Amino acid sequence: MTATPTFTINRRQILKLAAVFGATATLAACSGPSLGAGAGAAEAAVTDWTGITPAKEITWWSNHPGTSKLIEEEIIKRFQAENPEITVNLVTAGANYDEIAQKFQAASGTNSVPDLVLASDVWWFRYMINGQVLPLDDLAKHLEFDTADFNTTLYDDYTFTGNHWAIPYARSTPLFYYNKAVWAKAGLPDRAPKTWAEFDEWAPKIAADGGVTPLGLGKGASWAAWWFCNMLWGQGGAYSDEWTMTLDTPEAIAAADYLQSLIYERKVATVAAVDQVADFGAGLTGCIMGSTGSLTGILKAATFEVGTGFLPEGPEGQACPTGGTGVAIAADRTPEQQLAAGMFLKFLTNSENTAYFSSNTGYMPVRTSARDGETMTKVYAEFPQFRTAVDQLETTRSQDWGRVFVPNGDKELTTALEKIMLQQADPAEAFAVASTAIATSFDENVSAYL
Amino acid sequence: MPTIVDLHRSTDSAVAVSVSTGVVSPVTPRTFTPRKKKKPWKSWLLFLLFAGPNVALLIVFTYKPLVQSLYYSTLQWNLGSASAIPVGLGNYVTWFNDPGTVRVVTVTLIFTIATVGGGMVIGLLFAVLLNRKLHGRGAARTIVVAPYVLSGVAVGLLWLFVFDPNFGITAALLDAIGLASPPWYNDPHWALVMVIIVYLWKNVGYVALIYLAALQSVPRDLLEAAALDGASPVRAFRNIVLPLLGPTTFFLSITTLLSSLQSFDIIQAMTKGGPLEGTTTMMYQIYQEGFQAGRAGYSSAVATILFAVLLVVTLIQMKYVEKRVHY
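Here the protein sequences come in this chain order: A and B. Residue numbers for the first sequence follow the working numbering, so the first one is 1 and each next one is one higher. Residue numbers for the second sequence follow the working numbering, so the first one is 1 and each next one is one higher.
Treat the hints as calculated values from the structure; they're not laboratory data. Given the structure is predicted, the values throughout are model-derived calculations rather than measurements. Just so you know, not all the hints are guaranteed correct.
Derived EDC-like pairs (lysine to aspartate or glutamate); straight-line CA-CA distance at most 16 Å [as the list claims (entries may be wrong)]: (1) A/K346 <-> A/D149; (2) B/K272 <-> A/D98; (3) A/K77 <-> A/E57; (4) B/K272 <-> A/D275; (5) B/K272 <-> A/E57.
Between the sequences and the hints, there should be enough to build the whole structure, so can you do that?
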């Protein structure tokens, strides 16, 4: 056999390679973003909606939260019956909010942008600073949206620079779930602990008499830093005050110390390996903080009776963050398409459809009229646990900007909380690392766009 | 005197020869038309016809994005935004100064060395085993190779349950011998071990398959001669089979390295880079920064660094390792 020639590259070949790359670079530079600072949110475009005819066809990107594809299709059917001149195409654009957001951002500047897109609590702000979504106040006024009927916290979640950038749709909050059988064995009253101090009293009984780990905690991105808002705010702390990180305050450190003590000192809490909801459903833990969006699934999966309650209060009182998703209208579409999209958005979130969606999925009724209407009243009668979730809505508050508005904010906070929960790291140190990273990310990725 | 080869090469010469020999039939009119010189543009057309589609696809889907990524790496650009701010080498400086970079590089190195090294050794062992005349060899070969053709996400989801410390098979097996399940999902080191195991399970069949093909082309007479000379099977394997497998080993070292450094699906399905970013490789970081954090410029910078690393490692392999291949 002959020897295989060894690899060599000479000057001429290097020059050829450089020429190929140079030519491709010229080609590449023809596309991509334009250069310059100060790029940012779409200017509050002044469109005179009165002279515009709605487009005949619009597209809506959804991940069908709460396995709601059939529900969404039914709402579209109802809309088309009322507006036969407009066709709504429902597109499954991802398995979750993140996947939708990734596609929506990647599609920016192309013809593939949808007219309506889901905009979750951690994504709508980025759509806004990228100039990808339309400020909705003018359009809502023109279409006579009844915005006063929306739950104020949920509607105002999407406010920045005096405009609303999305309309609440599939909204959720964390909720306290407990295993009634375990509670009974431990001789506890059939209710959630009112405060964390009360939980501290109950936990040894749950462990000793109930025979399970009292509290199951969840880790991972888009999750840990969400439910931790309860402990953090309950202690009087916060992730940030607008854009200034406030994780170095004694209140924030006290919240993390408390969380750590539940796992390592009192040993009454455990961090789930994969899925805290599955562990709870299998009877491994006595209680969890889960999403209200999981309510239907938990009730179906559990082999025991499930109780629900408000999240326990901290020394500074009740604290519960909002979550879930709204719907936004893309900025990069014609006024005709935006008008048709606005008409559908108004229909999608009217009182009747809000109740229809909530009663079938377990998401919060975002309108007061829907919350108190006939459909939801029937649901409360059948599933009293749902009523708890709806009542808790009155105590919720919008999330801190440091978590939801800064790229990597949630990721950095999750890493800090995982260090605290899984490695018993010093909370002050873990929070300091996260604060620095989030502040840097704000400088690099947000402030230039505001 | 032109040779027959020359005549074929040059139609002009052919005409000259035919004229000079004077062999022209007086009865039959001359029907012979000399072949015209093939025009260069025809060759080009033929070349474009065959190579054009491939070249166009390569330019549009490989080289253009590659160069575009290089350009984006010099921008501070939020994915989805219509405008960006030029920052020169700022993204590279940020990556090299980031305290998390050491961890990402370490995780990438451990993952790559374990999956490439482990995959080659285990794959070779399987290949040797499957090369023997054993009962049920066909079924065994299928079983070893099958995971390679499965979707990485499906494999990841399957193993997610296998490693579940409460409900998984590993926990049950360890429990049977009185051991507790390691914290696969809550400890960054165990999580890395877990994804390495799953990656090896999925990809070792590929290495085994290629080695098996190579083993079957090892000349029997050499092994028989060695046996006659009294060489033990181990010695024959070390001194005859392994050197003959050199080109295959070299080929596999490049392909498995490239595939390992670009591994994404199993990590995404099982750990999403966690816990504590303990399974965040450079490839996963590119996805995380680009699509989750929306830092398209920074993500492109990490992609460029990974590209440079792959290029350098491959060049080194081609330049130095290939020289050690014995045939």
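Subject >> Contradicted hints - numbers only >> reply: 5
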